[in-house]
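Peer 1: So you can see what is in the structure, the chains are spelled out below.
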Amino acid sequence: NAGVTQTPKFQVLKTGQSMTLQCAQDMNHEYMSWYRQDPGMGLRLIHYSVGAGITDQGEVPNGYNVSRSTTEDFPLRLLSAAPSQTSVYFCASSYSNSATNEKLFFGSGTQLSVL
Amino acid sequence: DAKTTQPPSMDCAEGRAANLPCNHSTISGNEYVYWYRQIHSQGPQYIIHGLKNNETNEMASLIITEDRKSSTLILPHATLRDTAVYYCIVRTRGSTLGRLYFGRGTQLTVWP
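Listed in order, the protein sequences are those of chains A and B.
In this text, residue positions in the first sequence follow the working numbering: the first is 15, and each later residue adds one.
In this text, residue positions in the second sequence follow the working numbering: the first is 1198, and each later residue adds one.
In short, the hints are calculated from the structure, not lab data.
Some clues are possibly wrong.
Heads up, simulated BS3-like pairs for lysine-lysine below, C-alpha to C-alpha not over 27 Å straight-line [to be verified]:
{"#": "1", "chain 1": "B", "residue 1": "K1249", "chain 2": "B", "residue 2": "K1200"}
{"#": "2", "chain 1": "A", "residue 1": "K117", "chain 2": "B", "residue 2": "K1249"}
{"#": "3", "chain 1": "A", "residue 1": "K28", "chain 2": "B", "residue 2": "K1200"}
{"#": "4", "chain 1": "A", "residue 1": "K28", "chain 2": "A", "residue 2": "K117"}
{"#": "5", "chain 1": "A", "residue 1": "K28", "chain 2": "B", "residue 2": "K1266"}
{"#": "6", "chain 1": "B", "residue 1": "K1266", "chain 2": "B", "residue 2": "K1200"}
{"#": "7", "chain 1": "B", "residue 1": "K1266", "chain 2": "B", "residue 2": "K1249"}
Some chain A residues near chain B, calculated using beta-carbon distances under 8 Å [what the hints assert, rightly or not]:
{"#": "8", "residue": "P53"}
{"#": "9", "residue": "M55"}
{"#": "10", "residue": "G56"}
{"#": "11", "residue": "E73"}
{"#": "12", "residue": "V74"}
{"#": "13", "residue": "P75"}
{"#": "14", "residue": "G77"}
{"#": "15", "residue": "N79"}
{"#": "16", "residue": "F104"}
{"#": "17", "residue": "K117"}
{"#": "18", "residue": "L118"}
Ideal Cβ placement from N, Cα and C applies to all residues, glycine included.
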């Protein structure tokens, strides 16, 4: 198993550009989520999904869209990039949403710079 | 889900035990304590979790106080590779993982 795969690893955008960060998992996990990490801020939850066709907002959803058309994929879309979205983005997944012993598996991250 | 408080940084000599505290004074009876760590530039990694009893696995031990208002993660023989940010998280049993907030964690530095 490849686990959680994020692409690209690095991306530079200009203000106003749009792009999609890709996240795929091959573990048949129901739950997937996106976090962003800024210096001194820890990890902040952007959006999450508890299954195909179901998404919800986390702490910092503004400026981001998600969809979950398949179990495997959970892309994160930046509609109009802003310098404030410069960050490292992590995708995470888990087998289910509600079990008491669930572990999150994280991807290796995407470093995004918006100029 | 209850919030947690951790010291921003700690250090430890290689080979010694690293004891990382976490305060979760508002924890409720059905909330689990989870620990993750993040080595520089990598995605976070699950370490251990528990509800009431102390837990041990191949990575660490988790000691939860009797009143459950605090816990300690113990790395029994810290190595340089244990240098990382450690996150203590509580989550309600059966709650959505979407509410799993990480906070800022504790930066553990292991020195030779």
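Peer 1: Against each hint, give a clear statement of whether it holds in the structure.
Peer 2: Structure-based check of all given hints:
no. : hint              : verdict
1   : B:K1249 x B:K1200 : holds (17 Å)
2   : A:K117 x B:K1249  : holds (18 Å)
3   : A:K28 x B:K1200   : violated (37 Å)
4   : A:K28 x A:K117    : violated (36 Å)
5   : A:K28 x B:K1266   : violated (47 Å)
6   : B:K1266 x B:K1200 : holds (11 Å)
7   : B:K1266 x B:K1249 : holds (11 Å)
8   : P53               : violated (10 Å)
9   : M55               : holds (7 Å)
10  : G56               : holds (4 Å)
11  : E73               : holds (7 Å)
12  : V74               : violated (11 Å)
13  : P75               : violated (11 Å)
14  : G77               : violated (18 Å)
15  : N79               : violated (16 Å)
16  : F104              : holds (5 Å)
17  : K117              : holds (4 Å)
18  : L118              : holds (6 Å)
Going through the hint list in order, the structure does not satisfy hints 3, 4, 5, 8, 12, 13, 14, 15.
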